[in-house]
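Can you make the complete structure from the sequences, with help from the hints?
Residue numbers (my numbering), protein chains in the order written: chain A, 25 to 136; chain B, 31 to 144.
There may be inaccurate statements among the hints.
[As the list claims (entries may be wrong)] Derived Cβ-Cβ restraints for the label pairs, each shown as a range: (1) A/Gln69 to B/Thr37: 12 to 22 Å; (2) A/Ala77 to B/Pro38: 40 to 50 Å; (3) B/Gln71 to A/Pro34: 11 to 21 Å; (4) A/Pro64 to B/Asn89: 23 to 33 Å; (5) A/Lys84 to B/Thr110: 41 to 51 Å; (6) B/Arg93 to A/Glu66: 26 to 36 Å; (7) B/Thr37 to A/Thr52: 35 to 45 Å; (8) B/Ser81 to A/Glu32: 31 to 41 Å; (9) B/Glu82 to A/Glu87: 34 to 44 Å; (10) B/Gly88 to A/Pro64: 23 to 33 Å.
What the hints contain is simulated information worked out from the structure, not anything from laboratory work.
The beta carbon of each residue, even a glycine, is placed where N, CA and C say it ideally should be.
Residue-level listing of the chains:
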Amino acid sequence: GDSVTQMEGPVTLSEEAFLTINCTYTATGYPSLFWYVQYPGEGLQLLLKATKADDKGSNKGFEATYRKETTSFHLEKGSVQVSDSAVYFCALSGYAGNMLTFGGGTRLMVKP
Amino acid sequence: KAGVTQTPRYLIKTRGQQVTLSCSPISGHRSVSWYQQTPGQGLQFLFEYFSETQRNKGNFPGRFSGRQFSNSRSEMNVSTLELGDSALYLCASSHRDRVANEQFFGPGTRLTVL
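Structure, rendered in structure tokens:
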């Protein structure tokens, strides 16, 4: 079945540091890929998405490129802020419609 | 546009009881999906409803069930609660007929089973 693997956290960075959170997937066909973010006490918010190979999703300074050859969708941000502290989830949806398969989540802590 | 709402936000039950959680999707969204979030298992898909029909189901026992009403509101029910059912239950709604459907999540219902 489909699966998503992402780097375990927590990831602790200083403000303005560069962020990378690795995500790889296993799926049949051509899934759509997503990054969701969860702030404390809240539900999930879509951060960005990509629907086909070489697509780059971007939002709020975050970027991720759909790499089919390496089955990866790594999340990057050039300069993190304290307000980016949250848990980040990589996810995919395949042919089964709206069923999202999530990675285990990566907690990011940004220190001033 | 109002977001996805879930009620109640917090719930405490004892083993053996049953519980019903409610989800109101964003207006115009006909698909509602449910997820269970626990520290040990992470986020796991429970089921999806579209136009009052269950379209997909995750790998959960039959104690977990759901339904969807004609106004797209959805409920999920857990019978004979076990300690391991303690979790954050998230509901998400979307337009099912669009590519790479963005799912909009509610704030969740935190269920504690004692």
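Q. Is it true that B/Thr37 and A/Thr52 lie within 35 to 45 Å of each other by Cβ?
A. holds (37 Å)
Q | B/Pro38 and A/Ala77 - C-beta distance against the hinted 40 to 50 Å | A | holds (43 Å)
Q. So the hint says 12 to 22 Å: do the beta-carbon atoms of A/Gln69 and B/Thr37 match that?
A. holds (20 Å)
Q: Could you say whether the range 34 to 44 Å given as a hint is met by the Cβ separation of B/Glu82 and A/Glu87?
A: Distance hint for B/Glu82, A/Glu87 holds at roughly 39 Å.
Q: Given the hint of 23 to 33 Å, check if A/Pro64 and B/Asn89 actually sit that far apart at their C-beta atoms.
A: At 29 Å between Cβs, range holds.
Q. Do the beta carbons of B/Gln71 and A/Pro34 sit within 11 to 21 Å of each other?
A. holds (19 Å)
Q) Does the Cβ-Cβ separation between B/Arg93 and A/Glu66 fall within 26 to 36 Å? A) At roughly 27 Å between Cβ atoms, A/Glu66 and B/Arg93 fall inside 26 to 36 Å, so the hint holds.
Q. CB of B/Ser81 to CB of A/Glu32, is that within 31 to 41 Å?
A. Holds: the Cβ-Cβ distance is about 39 Å, inside 31 to 41 Å.
**Q.** Distance restraint hint 23 to 33 Å, applied to the beta-carbon atoms of B/Gly88 and A/Pro64
**A.** Taking Cβ atoms as reference, B/Gly88 and A/Pro64 lie about 26 Å apart, which means the hint holds.
(Q) Given the hint of 41 to 51 Å, is the C-beta distance from A/Lys84 to B/Thr110 inside that range or not? (A) Since A/Lys84 and B/Thr110 have Cβ atoms about 43 Å apart, the given range 41 to 51 Å holds.
Consistency with the previously given hints is maintained throughout, with no hint failing.
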